[in-house]
Every structure is written in structure tokens, then in C-alpha cells.
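**Q** So the protein sequences, as listed, match chains A and B. FYI, in my numbering the residues of the first sequence are 1 to 115. FYI, in my numbering the residues of the second sequence are 1001 to 1113.
Among the hints, erroneous ones may be present.
[To be verified] Within a straight-line C-alpha distance of at most 30 angstroms, the following computed DSS-like cross-link-like pairs (lysine-lysine) qualify:
id, chain 1, residue 1, chain 2, residue 2
1, B, Lys1112, B, Lys1078
2, B, Lys1055, B, Lys1070
3, B, Lys1078, B, Lys1108
4, B, Lys1108, A, Lys57
5, A, Lys57, B, Lys1073
6, B, Lys1055, B, Lys1108
7, B, Lys1070, A, Lys57
8, B, Lys1070, B, Lys1108
9, B, Lys1073, B, Lys1108
[To be verified] If the Cβ cut is set under 8 angstroms, some of the chain B residues that face chain A in the computed set are:
id, residue
10, Leu1047
11, Tyr1054
12, Asn1098
13, Gln1100
14, Ala1105
[Claimed, not checked] Residues from chain B that keep clear of chain A, each with C-beta distances beyond 12 angstroms, as calculated:
id, residue
15, Ser1007
16, Val1013
17, Val1019
18, Tyr1025
19, Gln1056
20, Ser1080
21, Gln1083
22, Leu1084
23, Gly1085
24, Met1095
25, Gly1104
26, Gly1106
27, Ile1110
Everything labelled a hint here was simulated from the structure, so no lab data went into it. Remember, predicted model here, so these are calculated numbers, not experimental data. Where a beta carbon is used, it is the ideal one built from N, C-alpha and C, also for glycine.
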Amino acid sequence: KAGVTQTPRYLIKTRGQQVTLSCSPISGHRSVSWYQQTPGQGLQFLFEYFSETQRNKGNFPGRFSGRQFSNSRSEMNVSTLELGDSALYLCASSGLTGDGANVLTFGAGSRLTVL
Amino acid sequence: AQTVTQSQPEMSVQEAETVTLSCTYDTSESDYYLFWYKQPPSRQMILVIRQEAYKQQNATENRFSVNFQKAAKSFSLKISDSQLGDAAMYFCVPMDSNYQLIWGAGTKLIIKP
């Protein structure tokens, strides 16, 4: 069973540019969540998509956006990049286990560096 | 807002020994899940163990077990027979009423050979 796939793994951008990150969830998982991880702030929740609808949203500016496609693949976009956007962006898909727990499975992450 | 406190930023343990990572949290919920995730240097976040708050029995997963004290809102992780591959950042993660995970700051676990 394939895991959660994130692309690209590493990328370098300059301030003012925009970036799009992609996430393919585990087959059958309909929920995809995005997190930003930085050394100073830890893991910060960006948003969650379920069946192409944003179900939850964290406290990030509107420069951060996302979407989910009918095949559950998700993309997140960051416009007008700032130096502080340099981070590891983690995607996680989730599905219910047999006992009803909603367990996240994470991808390897996309490391974004903004110069 | 719900909060999670992992009071030990870093811990070290000798290989084959036992170590306990502490976690306290604040929630008004009565029924919820709690998780421990680990993030090795490879950066892939991995689920270690989960606990349902309505269950009195502490969860166990091979060498990993938890001590869940619901009234005290404490959720510690015990790792027995520590192995070099256990070296990672460990995150205590309760789930709130909206099924959102609340992440602690993490504890860095170092295994001494």
C-alpha cells in the first residue's frame, strides 16, 4: 500500500514568488491535512480538506491556500513568499481505523527555502 | 484554547534502558483521543501509539506504553529496552472536539550506545 507522497521534496524560491506543493494521500483516504513545521513554532496546522471541501483552517494569512481534487489529491499554494515561509510543509492523510480513531499518516514533507 | 505541555525539551537514555517522556494537556472534552507521534532525523512523522480517553486501560504497542491519568490530564510515554532507532523527536498530540490535533513542542530523545 503506497504511503502519502509529497512533491517536490526540496525547493528554493525567492521573496515575492509563489509556490505550489502537491500531496497524494493513501488510497481510500478522503481527508488531507497540511502543516507547517519550523524550528521556532513547531507544527502549525494550515488546513484540512475532505471530499474537495475545506473542513478546517488554521490561523494563517490568506497567502496560504489549498484545494483538493476529486481523486483526493491536494495542493497548497503560497503566494508572495516571505522569508518566514521557509519551513518544512507536511501533508497527512487520514482514514478511520477499525475502532473509530482518526489516524494521520504523514508524507515525507516538502522543504521550502525562501531567499 | 487547548494546550499541550511537554516539559522535557531533550532527554537521553542508555541503549536497552527505559525512558519516560512526560506530557500534560488541557481540555474540556470528556471523550477524545490522544496520540504520540515520533519524527526521526529522516523527518517522516510516524504514529507511535494512541489512547482513547474513555478507556481506563493504558495502551501498549510492543516496547511502547502510556500512562494515562485522565483526571490529572497527564499522558506519558514509556519506552522500554531503548534502541538506537528510537532516537527522534516525540510529540504528544491530543485531539480536540473538532477532530483537530493539538501538537506539543516535542521532546528530543537521544539514545546513547
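**Q** Decide, hint by hint, whether the structure agrees.
**A** Going down the list of hints, with the structure as the test:
no.: 1; hint: Lys1112/B - Lys1078/B; verdict: holds (17 angstroms)
no.: 2; hint: Lys1055/B - Lys1070/B; verdict: holds (10 angstroms)
no.: 3; hint: Lys1078/B - Lys1108/B; verdict: holds (14 angstroms)
no.: 4; hint: Lys1108/B - Lys57/A; verdict: holds (28 angstroms)
no.: 5; hint: Lys57/A - Lys1073/B; verdict: holds (26 angstroms)
no.: 6; hint: Lys1055/B - Lys1108/B; verdict: holds (28 angstroms)
no.: 7; hint: Lys1070/B - Lys57/A; verdict: holds (28 angstroms)
no.: 8; hint: Lys1070/B - Lys1108/B; verdict: holds (25 angstroms)
no.: 9; hint: Lys1073/B - Lys1108/B; verdict: holds (22 angstroms)
no.: 10; hint: Leu1047; verdict: holds (6 angstroms)
no.: 11; hint: Tyr1054; verdict: violated (11 angstroms)
no.: 12; hint: Asn1098; verdict: holds (6 angstroms)
no.: 13; hint: Gln1100; verdict: holds (6 angstroms)
no.: 14; hint: Ala1105; verdict: holds (5 angstroms)
no.: 15; hint: Ser1007; verdict: holds (15 angstroms)
no.: 16; hint: Val1013; verdict: holds (23 angstroms)
no.: 17; hint: Val1019; verdict: holds (21 angstroms)
no.: 18; hint: Tyr1025; verdict: holds (15 angstroms)
no.: 19; hint: Gln1056; verdict: holds (15 angstroms)
no.: 20; hint: Ser1080; verdict: holds (23 angstroms)
no.: 21; hint: Gln1083; verdict: holds (21 angstroms)
no.: 22; hint: Leu1084; verdict: holds (21 angstroms)
no.: 23; hint: Gly1085; verdict: holds (17 angstroms)
no.: 24; hint: Met1095; verdict: violated (7 angstroms)
no.: 25; hint: Gly1104; verdict: violated (8 angstroms)
no.: 26; hint: Gly1106; verdict: violated (7 angstroms)
no.: 27; hint: Ile1110; verdict: holds (17 angstroms)
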